[in-house]
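Protein chains in written order, with this note's numbering: chain A, 76 to 173; chain B, 232 to 346.
What the hints contain is simulated information worked out from the structure, not anything from laboratory work. Incorrect hints may appear among the rest.
Here are the simulated lysine-lysine pairs, DSBU-like style, with alpha carbons at most 35 Å apart [said to hold, decoys possible]:
#1 271(B) / 319(B)
#2 165(A) / 96(A)
#3 319(B) / 96(A)
#4 96(A) / 271(B)
#5 165(A) / 319(B)
DEER-style ranges, computed between Cβ atoms [as the list claims (entries may be wrong)]:
#6 76(A) / 319(B): 13 to 21 Å
#7 127(A) / 345(B): 41 to 49 Å
#8 344(B) / 77(A): 41 to 49 Å
#9 124(A) / 282(B): 36 to 44 Å
#10 326(B) / 131(A): 34 to 42 Å
#11 282(B) / 169(A): 50 to 58 Å
#12 141(A) / 317(B): 50 to 58 Å
#13 155(A) / 309(B): 19 to 27 Å
#14 317(B) / 83(A): 19 to 27 Å
From the three backbone atoms N, C-alpha and C, an ideal C-beta is built for every residue, glycine too.
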Amino acid sequence: MILTLLFTTFVTVFLAEMGDKTQLTTITLSSTTNKPLAVFIGSSLALISATLLGALAGGSIANLIPAFLLKLLSGIVFLIIGINLLLQSKTEASNDSF
Amino acid sequence: MGKPNSNSKIEEGDSKDSNPFFSILITSFSTIFLAELGDKTQLATLIISAQSGRPLIVFIGASLALISTSLLGVLIGRWIANNLPRQKFTVVSGIVMLSLGIYLVTQGFIGFIQN
Numbered sequence: 076m077i078l079t080l081l082f083t084t085f086v087t088v089f090l091a092e093m094g095d096k097t098q099l100t101t102i103t104l105s106s107t108t109n110k111p112l113a114v115f116i117g118s119s120l121a122l123i124s125a126t127l128l129g130a131l132a133g134g135s136i137a138n139l140i141p142a143f144l145l146k147l148l149s150g151i152v153f154l155i156i157g158i159n160l161l162l163q164s165k166t167e168a169s170n171d172s173f
Numbered sequence: 232m233g234k235p236n237s238n239s240k241i242e243e244g245d246s247k248d249s250n251p252f253f254s255i256l257i258t259s260f261s262t263i264f265l266a267e268l269g270d271k272t273q274l275a276t277l278i279i280s281a282q283s284g285r286p287l288i289v290f291i292g293a294s295l296a297l298i299s300t301s302l303l304g305v306l307i308g309r310w311i312a313n314n315l316p317r318q319k320f321t322v323v324s325g326i327v328m329l330s331l332g333i334y335l336v337t338q339g340f341i342g343f344i345q346n
């Protein structure tokens, strides 16, 4: 029973998360920085914390902070990272031409 | 040994490539934590946890799944960094991140209007 539940949860979450925006972020961060271990530890910790909140605190986060605010906030973070990467690619290109 | 400034050009490139370990860790953590709050995975965890009444088992299963997907993500990222032209991929991932940002901000605005 416990193993079945463990397995069900694992498969559900694994399939839901493959190719999701979180994994895209992990791919981007690990390919554009040279510290895959830091990205792995950081993203694992973030995902475990979010899951801990989901499994234990229940829906209280969603009640406390409205979903649109969370989306706006994370959207702004993604915009900042995107702009940063584009600026970075520009300096990389100008370095290559020398 | 221990004198990396013998080749200033390489050193310059290195220092630009490698941000401090800790700051990358913080960036990864905060970005993914924010993106994951209220996401479908968290909702799935919440529902399974409530249905089964065994939050610890659900937490362990979901954590293992998420660690596996982020390990895969990191490995895919390493592969891309080693096999595709770096500058091109930086542009592509910048555009992907911008699109995700625009999508999320739009979703946030729609949610705000509906509230």
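Hints versus structure:
For the hint pairing residue 271(B) with residue 319(B), the CA-to-CA distance comes to about 31 Å; that is within 35 Å, so the pair holds. The suggested pairing of residue 165(A) with residue 96(A) holds, with an alpha-carbon distance near 24 Å, which does not exceed 35 Å. This hinted pair checks out: residue 319(B) and residue 96(A) have alpha carbons roughly 20 Å apart, not beyond 35 Å. A hinted pair counts as satisfied when its Cα atoms are at most 35 Å apart, and residue 96(A) with residue 271(B) qualifies at roughly 11 Å.
Using a Cα cut-off of 35 Å, the hinted pair residue 165(A) and residue 319(B) holds, with the two alpha carbons roughly 10 Å apart. Checking the proposed 13 to 21 Å range against residue 76(A) and residue 319(B) shows it is violated: the Cβ atoms sit about 51 Å from each other. A C-beta distance of roughly 29 Å is found between residue 127(A) and residue 345(B), which places it outside the suggested range of 41 to 49 Å. Checked against the hint of 41 to 49 Å, the pair residue 344(B) and residue 77(A) passes, with Cβ atoms roughly 44 Å apart.
For the pair residue 124(A) and residue 282(B), the supplied restraint of 36 to 44 Å is violated, since their beta-carbon distance comes to about 22 Å. Checked against the hint of 34 to 42 Å, the C-beta distance between residue 326(B) and residue 131(A) comes to roughly 37 Å, which is consistent with it. The given range of 50 to 58 Å is respected by residue 282(B) and residue 169(A), whose C-beta atoms sit roughly 56 Å from each other. The beta-carbon spacing between residue 141(A) and residue 317(B), approximately 39 Å, falls outside the hinted interval of 50 to 58 Å.
Hint check: residue 155(A) to residue 309(B), Cβ distance near 24 Å, so the stated range 19 to 27 Å holds. In this structure the supplied range 19 to 27 Å is violated for residue 317(B) paired with residue 83(A), their Cβ-Cβ distance being about 40 Å.
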